[in-house]
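Participant: The sequence shown maps to residues 1 to 110 in the UniProt record's numbering.
Hints are not guaranteed to be accurate.
What follows is a set of in silico ranges between Cβ atoms, one per label pair, in the way DEER data are often shown [said to hold, decoys possible]: (1) D76 - E49: 34 to 42 Å; (2) D76 - M41: 51 to 59 Å; (3) G67 - N94: 37 to 45 Å; (4) K68 - A45: 34 to 42 Å; (5) A45 - T8: 28 to 36 Å; (6) D71 - N94: 47 to 55 Å; (7) S40 - E64: 31 to 39 Å; (8) M52 - D79: 47 to 55 Å; (9) D79 - V48: 42 to 50 Å.
In silico BS3-like cross-links for lysine-lysine, where the CA-CA straight-line distance does not exceed 25 Å [unchecked claim]: (10) K90 - K75; (11) K65 - K75; (12) K102 - K90; (13) K90 - K100.
Hints listed in this document are in silico derivations from the structure and should not be mistaken for laboratory results.
Please read all numbers here as calculations on a predicted model, not as lab measurements.
Positions of the beta carbon are idealized from the N, C-alpha and C atoms, including for glycine.
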Amino acid sequence: MKKLLLSTALLLALTVTFTSCRDENKADSVEEAMDNAGDSMEDAADDVEDAMDNAADDAEGAMEKAGKAVDKAAKDTGDAVDNAVDETGKAIDNAADATKDKVNDLTDDN
1 MKKLLLSTAL
11 LLALTVTFTS
21 CRDENKADSV
31 EEAMDNAGDS
41 MEDAADDVED
51 AMDNAADDAE
61 GAMEKAGKAV
71 DKAAKDTGDA
81 VDNAVDETGK
91 AIDNAADATK
101 DKVNDLTDDN
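Construct the entire structure; sequences and hints are all you get.
Facilitator: In structure tokens form, the structure reads like this:
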């Protein structure tokens, strides 16, 4: 009976020793890792949002520049057309005057 009692006490002592030496920080480290992963995901989402905002701002600026370039091109084209019309009108007037003068010269000679 003494051996049985001593064996039971030895087994109980070993069980208590191994149970008390177990790493209790694993649960804390897993929870901390989950928190860190959540924080990293939030940071990544914020970075993506910032990048999208910057891209939208850049696109808006590019569209404004393109609109101004189109407006300037349209104005320049309109000015060129107006100048061409004026020059063509002057050339037609000059040709008409020259034709009149030649007709007058020919009719005066006869």
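Participant: So, for every hint listed, does it hold in this structure?
Facilitator: Now for the hints, and whether the structure bears them out:
For the pair D76 and E49, the supplied restraint of 34 to 42 Å holds, since their beta-carbon distance comes to about 41 Å. In this structure the supplied range 51 to 59 Å holds for D76 paired with M41, their Cβ-Cβ distance being about 52 Å. Checked against the hint of 37 to 45 Å, the pair G67 and N94 passes, with Cβ atoms roughly 41 Å apart. A hinted range of 34 to 42 Å for the beta carbons of K68 and A45 is consistent with their spacing of about 35 Å.
The hint said 28 to 36 Å for the Cβ distance between A45 and T8, and at roughly 58 Å that hint is violated. In this structure the supplied range 47 to 55 Å is violated for D71 paired with N94, their Cβ-Cβ distance being about 35 Å. For the pair S40 and E64, the beta carbons lie near 36 Å from each other, so the given range of 31 to 39 Å is met. Against the hinted window of 47 to 55 Å, the Cβ-Cβ separation of M52 and D79 comes to about 41 Å, which falls outside the hint.
In this structure, D79 and V48 meet the distance hint of 42 to 50 Å, their C-beta atoms being roughly 46 Å apart. Restraint check: the Cα-Cα separation between K90 and K75 comes to about 22 Å, which is no more than 25 Å; the hinted pair holds. As the CA atoms of K65 and K75 are separated by approximately 15 Å, the hinted pair is consistent with the 25 Å bound. At most 25 Å may separate the alpha-carbon atoms for a hinted pair to count; K102 and K90 meet this at roughly 18 Å.
As the CA atoms of K90 and K100 are separated by approximately 15 Å, the hinted pair is consistent with the 25 Å bound.
The structure shown violates the earlier hints numbered 5, 6 and 8.
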